[in-house]
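Each protein sequence line maps, in turn, to chains W and U. To convert, note that position 297 of the first sequence is 297 in UniProt numbering; the numbers rise steadily by one, no gaps. To convert, note that position 10 of the second sequence is 10 in UniProt numbering; the numbers rise steadily by one, no gaps.
Just so you know, these hints were derived from the structure itself, not from any lab. Do not take every clue at face value.
Which copy is meant is left open, because identical chains are indistinguishable; a pair holds if it fits in one copy or across any two.
[To be verified] No more than 20 angstroms apart at the CA atoms, straight line, and that leaves these computed lysine to aspartate or glutamate pairs for EDC-like:
| hint | residue 1 | residue 2 |
| --- | --- | --- |
| 1 | Lys156 | Glu449 |
| 2 | Lys443 | Asp282 |
| 3 | Lys156 | Asp282 |
| 4 | Lys443 | Asp425 |
| 5 | Lys443 | Asp268 |
| 6 | Lys156 | Glu362 |
| 7 | Lys324 | Asp425 |
| 8 | Lys443 | Asp23 |
| 9 | Lys324 | Glu393 |
| 10 | Lys443 | Asp408 |
| 11 | Lys443 | Asp388 |
| 12 | Lys443 | Glu92 |
| 13 | Lys443 | Glu263 |
| 14 | Lys324 | Glu313 |
| 15 | Lys443 | Asp272 |
| 16 | Lys337 | Asp99 |
| 17 | Lys337 | Asp272 |
| 18 | Lys156 | Asp272 |
| 19 | Lys443 | Glu317 |
| 20 | Lys337 | Glu293 |
| 21 | Lys337 | Asp388 |
| 22 | Lys324 | Asp162 |
| 23 | Lys156 | Glu117 |
| 24 | Lys324 | Asp312 |
| 25 | Lys443 | Glu175 |
It should be emphasised that the depicted structure is a prediction, and the values quoted were computed from it without experimental measurement.
Protein chains: 2
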Amino acid sequence: MSALPPGLAQELAALLGEGWRTDPGERLAYAYDNSRREALPDAVALPSTREQAQALVRACRAHRVPVVARGRGTNTTGASVPVAAGVVVSFERMNRILDIRSGDRCAVVEPGVLNGELQTALAPHGLFWPPDPTSAAFSTVGGNLACNAGGPRAVKYGASRDNVLALTAVTGAGELIVCGTATTKGSTGYDLHRLLVGSEGTLALIVEASLRLTPAPQQRRALRAVYRDVSAAARAVARLMAQPVTPSMLEFMDAPCVRLAREVGGADLPADAGALLMIEADGDAATLPYAVEALARAATGDGLLALDEAADEAARERLWAARKALSPALRTLAPGKINEDVVVPVSRIPPLVDGVQALAQEFALPIVCFGHAGNGNLHVNLLYDPADAAQSERAQAAMARVFALALDLGGTLSGEHGIGLAKRDFMPQAVSAPTLSLMRQLKAVFDPEGILNPGKLLPD
Amino acid sequence: MSALPPGLAQELAALLGEGWRTDPGERLAYAYDNSRREALPDAVALPSTREQAQALVRACRAHRVPVVARGRGTNTTGASVPVAAGVVVSFERMNRILDIRSGDRCAVVEPGVLNGELQTALAPHGLFWPPDPTSAAFSTVGGNLACNAGGPRAVKYGASRDNVLALTAVTGAGELIVCGTATTKGSTGYDLHRLLVGSEGTLALIVEASLRLTPAPQQRRALRAVYRDVSAAARAVARLMAQPVTPSMLEFMDAPCVRLAREVGGADLPADAGALLMIEADGDAATLPYAVEALARAATGDGLLALDEAADEAARERLWAARKALSPALRTLAPGKINEDVVVPVSRIPPLVDGVQALAQEFALPIVCFGHAGNGNLHVNLLYDPADAAQSERAQAAMARVFALALDLGGTLSGEHGIGLAKRDFMPQAVSAPTLSLMRQLKAVFDPEGILNPGKLLPD
């Protein structure tokens, strides 16, 4: 049973035909995302064209019914959970790659294209789209743009916001807007397309994206550097980022991660390792050895215990084994996990990691940190038993303190996951009152009735 | 004689002390910019602190008096000319570099710091700030941000908008907002700081900027490639941009430019040259030869007449002589020049250049094109005699057609100069009506009384 106004349901059924779903079973499939939160929408719409998307928003606006855009629901913050019910708009049928222009370093796509499908289509052109979230194989470009998805490569190539040229979108007022141009430079009025990136479907529904592509490097080489402690590793990160050869990945693991990878995952790591960096360079056969040499030099300093280089792709896989052993190993500690992706300036990684370990002690819960060190973007994983009410409460309290710590260190709440439901209550700590008020007013311009993804990103 | 309300003049004189100027001679010094347009402000304010800037905006808002932010007036579009009079706010006293953090790749500056001064201060840290407009020695960081300044290096390192992490600013409502964080990744709410970049002082006054820095390459090497015609050069540009070694500069000159450089400037260029590319790579001693080799390979193809490499810095200067001979040579053609910086996708450079030459014929005026080919950002220079009314009229009409041509080719009005007064009447052609309406509404949120730089960027 749908709670939509009958007139609206009829109108949208006529508009969308077979792309209009109100069966409870089908609605359930669009009720959740990777945050494990869940809320049943009143209906699911699968538009095939921008005209359908625009007509849908206009109809919902007239009835003040919520509209929640959805890629494939891989986000971790609850941003695609329809907490106020209404219509979930899934872009799975708008999944065409419309154009690839290699000389212009540009691809034009519909929002429902999977990141992984796009990379496959770009490979024969010698190009790639930089955002590489863990979910890349099954997350959409539209969803990547909505939360400003990043990934390990962002340290060299930027996140989603840095890799989009233009967007066509339907605002909450039902207007079709065209933001930016498919050129790599532009200074023509207000920069609206970057404003839409990371706005989590609260301002407009993206119906077409012109993406900025990068020529694919021919090869990559990995280094694994093990350090005595976090400080030594963080100083190495600062040295690595202050020299001209930017690594194509620069991943960090703290002492509990290293221990887990060794003891549970069976990774080959020294017993006294207090921190680990995975460092990668990419380039061509001629210059890659020099790049690796420059990175090895920068990685070397007081507190380095071991530096291993992968001579080939198989050796690279062996070096990455420690990182890959980590996620399964985490599950052995506790059934539940809160994974938040705070960011601090690179120089503040040591006080962040130390502070997190102090919180782990204070709240008597294991917390491990790993992630994208070159951007200061650490994934803080707090492990607990969700069936244990006291633990759950402590976990929430500890995570609130992690956010406060990151903000104190000049950082921010999220580097690539976004705010969604998970962090919106912390927005007033991260963003000053006048700035937050301005954000609310901007939201009201794009979405005067407040129908787009209500309850997300901005606090009540 | 100032036309300001007496109460406001008294209040601001008390607020700013010696930093408040109403003498006509002093006002005249702030009346113009490099567009050669001119309009006398009622007063000039030289704030020393953000608190003064905020109090000033609040006072002006109460009296609905225009506030026009100004760096050093080097912009070419009239964006800093106070056409509605009011108070010009010059940031020349807010010119401190507050912090340089090399490990974080970040500098924190006040808006009045000169771009050139900043580069000098960064050099000992082995870092630079990428925007390199021609005016770098005497233009301010605040002004660079206001118009999203670029320059030749933007092809590899981005323009101003790509190189800022966070901004503190005073809105037209007199609110102090803090946009972004000084981290290289962020997904916390709406992206306001990039919205302020390129907004030409119409949304807020920037009072502090956290800039994204890049490690300075150790060396550079230049290639000069001469082609039979524009098509051959443009195909080379597409090849250069589709391979992984991004040039640090990729500058284009069309046939009339080459002819002028040879015949008037005395540059050593073949007589049958139809187009020229200046190609530069940067890097370290070990890898630079490979980069130059990759660029030379990409530059080579049908229609290449000559490819010269500069073995050292002196040879590099000789290769650049053709480019440097150009500006003085242009002056021999006509006393007046309109220089606009349209952008098209790289693949559309040939129809842009051909179309411009057709317009030169149609309007019987010399037009030459040169500029930043790797971004498709060409400077279209139309030469005429401003004392000749018929020529002036033809020049305006021809430039309107140049804009229409760039838009037809999927491009935009400006790559790095901005809109200001010069191109605002063309905004309705470049930006769709619903999008322009949205821009106006956003402006009203930031600046409810419309006091910030009235008459600029958005058309009436």
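Comparing the hints with the structure gives:
no.: 1; hint: Lys156 to Glu449; result: neither (40 angstroms within a copy, 42 angstroms between copies)
no.: 2; hint: Lys443 to Asp282; result: neither (40 angstroms within a copy, 43 angstroms between copies)
no.: 3; hint: Lys156 to Asp282; result: both (10 angstroms within a copy, 17 angstroms between copies)
no.: 4; hint: Lys443 to Asp425; result: within (17 angstroms within a copy, 28 angstroms between copies)
no.: 5; hint: Lys443 to Asp268; result: neither (51 angstroms within a copy, 58 angstroms between copies)
no.: 6; hint: Lys156 to Glu362; result: neither (36 angstroms within a copy, 47 angstroms between copies)
no.: 7; hint: Lys324 to Asp425; result: neither (32 angstroms within a copy, 57 angstroms between copies)
no.: 8; hint: Lys443 to Asp23; result: neither (32 angstroms within a copy, 44 angstroms between copies)
no.: 9; hint: Lys324 to Glu393; result: neither (29 angstroms within a copy, 68 angstroms between copies)
no.: 10; hint: Lys443 to Asp408; result: neither (27 angstroms within a copy, 32 angstroms between copies)
no.: 11; hint: Lys443 to Asp388; result: neither (39 angstroms within a copy, 50 angstroms between copies)
no.: 12; hint: Lys443 to Glu92; result: neither (26 angstroms within a copy, 35 angstroms between copies)
no.: 13; hint: Lys443 to Glu263; result: neither (49 angstroms within a copy, 58 angstroms between copies)
no.: 14; hint: Lys324 to Glu313; result: within (15 angstroms within a copy, 48 angstroms between copies)
no.: 15; hint: Lys443 to Asp272; result: neither (51 angstroms within a copy, 57 angstroms between copies)
no.: 16; hint: Lys337 to Asp99; result: neither (40 angstroms within a copy, 38 angstroms between copies)
no.: 17; hint: Lys337 to Asp272; result: neither (26 angstroms within a copy, 69 angstroms between copies)
no.: 18; hint: Lys156 to Asp272; result: neither (30 angstroms within a copy, 42 angstroms between copies)
no.: 19; hint: Lys443 to Glu317; result: neither (45 angstroms within a copy, 52 angstroms between copies)
no.: 20; hint: Lys337 to Glu293; result: neither (38 angstroms within a copy, 50 angstroms between copies)
no.: 21; hint: Lys337 to Asp388; result: within (13 angstroms within a copy, 75 angstroms between copies)
no.: 22; hint: Lys324 to Asp162; result: neither (27 angstroms within a copy, 33 angstroms between copies)
no.: 23; hint: Lys156 to Glu117; result: neither (22 angstroms within a copy, 27 angstroms between copies)
no.: 24; hint: Lys324 to Asp312; result: within (18 angstroms within a copy, 47 angstroms between copies)
no.: 25; hint: Lys443 to Glu175; result: both (14 angstroms within a copy, 18 angstroms between copies)
Violation of the numbered hints given earlier is confined to hints 1, 2, 5, 6, 7, 8, 9, 10, 11, 12, 13, 15, 16, 17, 18, 19, 20, 22 and 23; the remaining hints are satisfied by the structure.
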